[in-house]
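So the sequences go chain by chain: A and B.
Under UniProt numbering, the first residue of the first sequence is numbered 1, with each subsequent residue one higher.
Under UniProt numbering, the first residue of the second sequence is numbered 1, with each subsequent residue one higher.
There's no promise every hint is true.
Unchecked claim - Estimated spans, in silico, between C-beta atoms of each pair: (1) Pro-257/B to Ser-68/A: 25 to 33 Å; (2) Ser-2/A to Asp-35/B: 16 to 24 Å; (3) Ala-204/A to Ala-308/B: 22 to 30 Å; (4) Arg-54/A to Asp-35/B: 53 to 61 Å; (5) Arg-131/B to Ala-287/A: 51 to 59 Å; (6) Glu-37/B to Arg-21/A: 36 to 44 Å; (7) Ser-148/B to Glu-223/A: 47 to 55 Å; (8) Gly-270/A to Pro-289/B: 22 to 30 Å; (9) Asp-271/B to Arg-190/A: 29 to 37 Å; (10) Tyr-248/B to Ser-2/A: 43 to 51 Å; (11) Arg-218/A to Glu-291/B: 39 to 47 Å; (12) Ala-287/A to Ala-30/B: 22 to 30 Å.
These aren't lab readings, by the way, just hints derived from the structure by calculation.
Quick reminder that beta carbons are idealized off the backbone N, C-alpha and C, glycines included.
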Amino acid sequence: MSNDRTERLVNLVLCLLSSRRFQTAGRIARTVPGYEHDLEDKKAHEAFQRKFERDKAELRRIGIPLQSGVDYLADGEPGYRIARSDFELPQIEFTDAEAAAVAAAARLWQQPELQSGSAEALLKLRAAGIDVESHAATATVKSLPGAEAALSPFFEAIAARRAVVFDYLGSRDESAQQRRIQPWGCAAWRGRWYVAGLDLERNAQRCFRLSRISGKVRLTGPEGAYTIPADVDVLAFASESEARQQPVRATVLVRPKRAWGVRRRADQIGPRTAEGDQVCFSFTETAPTAAWLASFGADVLVVDPPELVKETVACLQALADEEES
Amino acid sequence: MTTNRLARLLNLVPYLVARPGGVPIHEIAADFGVDAEQVQADLTMLWMCGLPGYGPGDLIDIAFDADAVRVLFAAGMDRPVRLAAHEALALSVALRVLADTPGVGDRGAIASALDKLAAAAGEAPADVTVRDTVTDPQAEKYAALVASGHAARITYYSAHRDTTSERVVDPIEIVVAEGHAYLRAWCRTAGEIRQFRIDRIDACTELDEPSEPLRLTNQPAPTAFLASELPRIELLLGAGAKGVSDSYPCEEVVGEPDGRRRVVMRVRDLDWARRFVLGLGGEAEVVAPAELRESVRQTARSALDRYAPAA
Numbered sequence: 001m002s003n004d005r006t007e008r009l010v011n012l013v014l015c016l017l018s019s020r021r022f023q024t025a026g027r028i029a030r031t032v033p034g035y036e037h038d039l040e041d042k043k044a045h046e047a048f049q050r051k052f053e054r055d056k057a058e059l060r061r062i063g064i065p066l067q068s069g070v071d072y073l074a075d076g077e078p079g080y081r082i083a084r085s086d087f088e089l090p091q092i093e094f095t096d097a098e099a100a101a102v103a104a105a106a107r108l109w110q111q112p113e114l115q116s117g118s119a120e121a122l123l124k125l126r127a128a129g130i131d132v133e134s135h136a137a138t139a140t141v142k143s144l145p146g147a148e149a150a151l152s153p154f155f156e157a158i159a160a161r162r163a164v165v166f167d168y169l170g171s172r173d174e175s176a177q178q179r180r181i182q183p184w185g186c187a188a189w190r191g192r193w194y195v196a197g198l199d200l201e202r203n204a205q206r207c208f209r210l211s212r213i214s215g216k217v218r219l220t221g222p223e224g225a226y227t228i229p230a231d232v233d234v235l236a237f238a239s240e241s242e243a244r245q246q247p248v249r250a251t252v253l254v255r256p257k258r259a260w261g262v263r264r265r266a267d268q269i270g271p272r273t274a275e276g277d278q279v280c281f282s283f284t285e286t287a288p289t290a291a292w293l294a295s296f297g298a299d300v301l302v303v304d305p306p307e308l309v310k311e312t313v314a315c316l317q318a319l320a321d322e323e324e325s
Numbered sequence: 001m002t003t004n005r006l007a008r009l010l011n012l013v014p015y016l017v018a019r020p021g022g023v024p025i026h027e028i029a030a031d032f033g034v035d036a037e038q039v040q041a042d043l044t045m046l047w048m049c050g051l052p053g054y055g056p057g058d059l060i061d062i063a064f065d066a067d068a069v070r071v072l073f074a075a076g077m078d079r080p081v082r083l084a085a086h087e088a089l090a091l092s093v094a095l096r097v098l099a100d101t102p103g104v105g106d107r108g109a110i111a112s113a114l115d116k117l118a119a120a121a122g123e124a125p126a127d128v129t130v131r132d133t134v135t136d137p138q139a140e141k142y143a144a145l146v147a148s149g150h151a152a153r154i155t156y157y158s159a160h161r162d163t164t165s166e167r168v169v170d171p172i173e174i175v176v177a178e179g180h181a182y183l184r185a186w187c188r189t190a191g192e193i194r195q196f197r198i199d200r201i202d203a204c205t206e207l208d209e210p211s212e213p214l215r216l217t218n219q220p221a222p223t224a225f226l227a228s229e230l231p232r233i234e235l236l237l238g239a240g241a242k243g244v245s246d247s248y249p250c251e252e253v254v255g256e257p258d259g260r261r262r263v264v265m266r267v268r269d270l271d272w273a274r275r276f277v278l279g280l281g282g283e284a285e286v287v288a289p290a291e292l293r294e295s296v297r298q299t300a301r302s303a304l305d306r307y308a309p310a311a
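Take the sequences, apply the hints, and build the full model.
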């Protein structure tokens, strides 16, 4: 932003804050440095109006809402003001421990939009006289919630009640499918982010894992396009969508003193057979489990269930035939 | 830290109002994430702003000497602007993640900070639930180990090597990702920083010597120069394995016309690479080296031979 514009905007804020009355655009043009022009010159006035619209939008973007209304002294011409109660950060005080928690929270995000959001919030808190240490010693625990890139567009869409479009690779999909949903809310469960909402193609409630979204999440359609049903429990959606997969028991034969990874996962080892130790464990997703078992090569022979045997053999065939492809 | 200059100017005045004793310029610069020259430029601009009339008594008045900056007249800007919805959300969601992560410490403080932020935000931020971020009950114990500042001897199961080994590590921090907790530490055996998944640490003894991860010094890790001498592998990744290029450092990532992804990466040794490729379930094709392609194929063939009698 140019110096002139920054200066003009600071003056605009101070001017609108200084009076409780609505100030007409004409009055603002006459008062605030940077807006002065010949009000009779139609072209110049139109240029001013465009400039003023852009400035209002910029203020709204950084969290300063302009109220518009009519002042009884101003002949019915609408004007603008900034209500101090909308503008000012309410009195807020943090204990040292709270300030430390806020500083640690601000460092959590890796994703640029969320990072700058928390950086700007920290500046405001510092401006309120709170000493939030930005260079404090690193916390001993660092959380890296994955799939953050998709989070901020969802937050934005939910706040504006707008629909979103994205490509999604469901657990049963061969390739990513485009989904159009009205998002209701986000939740993190077991370190993964989920969004729940109304799937507009299927006209049904659905829950999506953010890490399975490929590419960008785009906002689409008008604001305020829907209302979020009362008492939506995204967390319940998330745990339910994961729980639908009932664990299955697997039986494999493991060569003696080999495939420690499989043994570690076992809830039952033995008896020993000619082909190896019989090992049993539970699993929910066939494809990743088969890929994992295949990685042990000939040290592991999958016995049961049949679909796990089939999938593991398919993995091995793909790996064995690789040279020919 | 990227922030908007206008937002910074609007924060600078109340920031000084809240600190009537004055603030040294370098401290302002550090708090606002800019350099001292930028702070000077910002103060100079604020001098030219003020209330309608714009006479000497209407303009913002700031005094500064060698020691400190003070505001004398704030032109009505005594308080910072309210938190915008996206700002309050970014902070409050992060606080919820922290509150749900074991070993972070003062949960009471996190909860009360959340309440205060909610009250200070212009509008109620979206309700975001965070639960069971870490399912490993041991995470707290290792957070305490990091806090103790001591080195430790651990017995660790490496999934990529399928072996268990003992090593001495200098803990750095606990990292949480996708529901698992990891101990990030300098591994004295490997001579580099490693991440140990906590549920794969079979035993841990805290040692009586301080944790001194090399990371804390500016010296490059002794093995760093070897990176270019590590084996280089080239893979073609299908749809199911594309995540590899996000999770492992790659020297090159190229999209292929058939939708696959060609990646070049350095690996510790080819046996590690063999297990790694096998574990991708046929979604990765080895382009180079031929030796790796052959060992993957051989392993898969010998495994298939075991299924042959039944088929």
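Structure-based check of each hint:
1. Pro-257/B to Ser-68/A: 25 to 33 Å: At 55 Å between Cβs, range violated.
2. Ser-2/A to Asp-35/B: 16 to 24 Å: holds (20 Å)
3. Ala-204/A to Ala-308/B: 22 to 30 Å: Check failed, 45 Å falls outside 22 to 30 Å.
4. Arg-54/A to Asp-35/B: 53 to 61 Å: For Asp-35/B against Arg-54/A, whose Cβ atoms are near 29 Å apart, the range 53 to 61 Å is violated.
5. Arg-131/B to Ala-287/A: 51 to 59 Å: Distance hint for Arg-131/B, Ala-287/A is violated at roughly 27 Å.
6. Glu-37/B to Arg-21/A: 36 to 44 Å: Roughly 40 Å apart at Cβ, these two residues keep to the hinted range, so it holds.
7. Ser-148/B to Glu-223/A: 47 to 55 Å: holds (52 Å)
8. Gly-270/A to Pro-289/B: 22 to 30 Å: Distance hint for Gly-270/A, Pro-289/B is violated at roughly 40 Å.
9. Asp-271/B to Arg-190/A: 29 to 37 Å: For Arg-190/A against Asp-271/B, whose Cβ atoms are near 32 Å apart, the range 29 to 37 Å holds.
10. Tyr-248/B to Ser-2/A: 43 to 51 Å: Given a distance of about 44 Å, which is inside 43 to 51 Å, the answer is holds.
11. Arg-218/A to Glu-291/B: 39 to 47 Å: Given about 45 Å between the Cβ atoms, the range holds.
12. Ala-287/A to Ala-30/B: 22 to 30 Å: violated (50 Å)
In terms of the numbered hints stated before, the structure departs from hints 1, 3, 4, 5, 8 and 12, listed from lowest to highest.
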